[in-house]
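Participant: Letter by letter, the chains look like this.
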Amino acid sequence: MRLRYSDVTPERAYLSRRELMAGAAAIAVIGATGGGAAAATPPAGPPLKATPNPAYRVADAPTKLEAATTYNNFYEFGTNKEDPSRLAGTLKPRPWHVQVDGLCAKPRTFDIEEILKLAPLEERIYTLRCVEAWSMVIPWIGYPLAALLKQVEPRPGAKYVEFTTLKDAEQFPGQKPGFLGLGSLDWPYTEGLRLDEAMHPLALLTVGMYGQVLPNQNGAPVRIVTPWKYGFKSAKSIVRIRLTDSEPKTAWNKAAPQEYGFYSNVNPGVDHPRWSQATERRIGEFRRRQTLMFNGYADQVASLYSGMDLKKNY
Amino acid sequence: MTVRTRVALKVVVWVVALTPLARLLYAYWIDDLTANPIEYVTRELGDTAIRLLLASLALTPLRLMFGLGWPVALRRLLGLFAFFYVCLHFAVWIVLDHFFDWRTMTDDIVKRPWITVGVAALLLLAPLAATSTTGMIKRLGGVTWRRLHRLVYVAAVLGALHYIWLAKKVLIAPWVYAGVLAILLGLRAVDALRKLVRRRRPALA
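Here the protein sequences come in this chain order: S and D. Position 33, counted from 1, in the first sequence is what our numbering calls 33; the numbers after and before it change by one each time, with no gaps. Position 45, counted from 1, in the second sequence is what our numbering calls 45; the numbers after and before it change by one each time, with no gaps.
What the hints contain is simulated information worked out from the structure, not anything from laboratory work. Careful, some of the hints might be misleading.
Claimed, not checked - Derived lysine-lysine pairs resembling BS3-like cross-links, with alpha carbons at most 30 Å apart:
# : chain 1 : residue 1 : chain 2 : residue 2
1 : S       : Lys254    : D       : Lys168
2 : S       : Lys106    : S       : Lys92
3 : S       : Lys311    : D       : Lys10
4 : S       : Lys312    : D       : Lys169
5 : S       : Lys167    : D       : Lys168
6 : S       : Lys311    : D       : Lys168
7 : D       : Lys111    : S       : Lys254
8 : S       : Lys49     : S       : Lys150
Model the full structure from these sequences, guided by the hints.
Facilitator: This is the structure in structure tokens:
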């Protein structure tokens, strides 16, 4: 009789070995006290009170805070995943103002303290799917973006919303001009949504996560989270929100138009030109999992796109 | 060069070439492989492979430019270590990244040019590694062997292309590697051209 490895190794033993490999991350970051690839454990941020909203939860366990705060794409700090956590201290999220203007009846500038009190803060657990085919589960704190937009009373002609991230190379070292102008995006980072997308209850104006004030490396003090779209659509460290009648230019679309469209909805059927979007790696897991249409939010957002060719409008 | 110096140099190459692997193993041991360990390890192994490949290609230009002959003695070792890291890089892709999902991997090789050229580079390097022994050099004969081993230029170009195509357009590193490779190959081309001209000159006179 022939023996296989599985005959002599209890399943639990080899499964836990796999978890050990993949889950190295979480423990990794706790264990790292300087040097190495992972940044040091971020200090626990100031707590931020919020009421959990049971309508917005996912079955999967949240990603470890350490992973969510040390594995970031935030090119304002640098192009490496660990740059944002390493350099986070350079950003000053107070004082902070957000100008909301454009096609609206009451354009005005909001102080960040005012934004924090505009609507009751809720905790919502969303999955975050990065265009690079990895994902996390994150308990965000915020309230629907619609609550802020209603304050300025959008005019009927307003069809789109443009978000602008702070441009300041003193606070964002990644914005310093690189060699021959290479190695960076066209600053400031801008992103955009259609107005009906922005008014959708899922679109979250976000000021915290994991029960804390939003860490700098995650887009402090205020960012957008649109969980049915790839992560880069969720603008961080926002200083301006502008209502407009034409589709806003977006940062990644300007850098590589064939690769990053205006919509950028999570869609396992539409590949990135260079890789498949059919599967993703959940941070902390070993095996890839299937990517879901609209990142699992199809029942809530699919109607926004009825009749649209999502292959063309990628 | 004395035997002792040669051995000492090779020991240095062994230590330098194995350091990136040792660092990864140590990082695994202390759980410091970032939040996305598989991606991180894949990238580090690929980076090391292309660096070692460029290092192995830098030795001949040293001789051509500065008349330094001795570094060429390290060429085979560096080339083999480059191949070793290419194999590890490929193995991580198969085992850790896709966990033997052959269909997805085959699809990717066919559909994604950056993966196609990456696999092609590996396939081109394999016969070079296999014929790297002194016995094989003798068996093939110097001329045939040298001709065969010119495949390394193709493999290196494909490797550089692999990195350029996979990386986001705003990153610089892939272009730095490609630039270094262009210089290393360019120096050879200049030398070959010079030799050609020199060979023709008597005929013209």
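Participant: Tell me, which hint numbers fail for this structure?
Facilitator: 3
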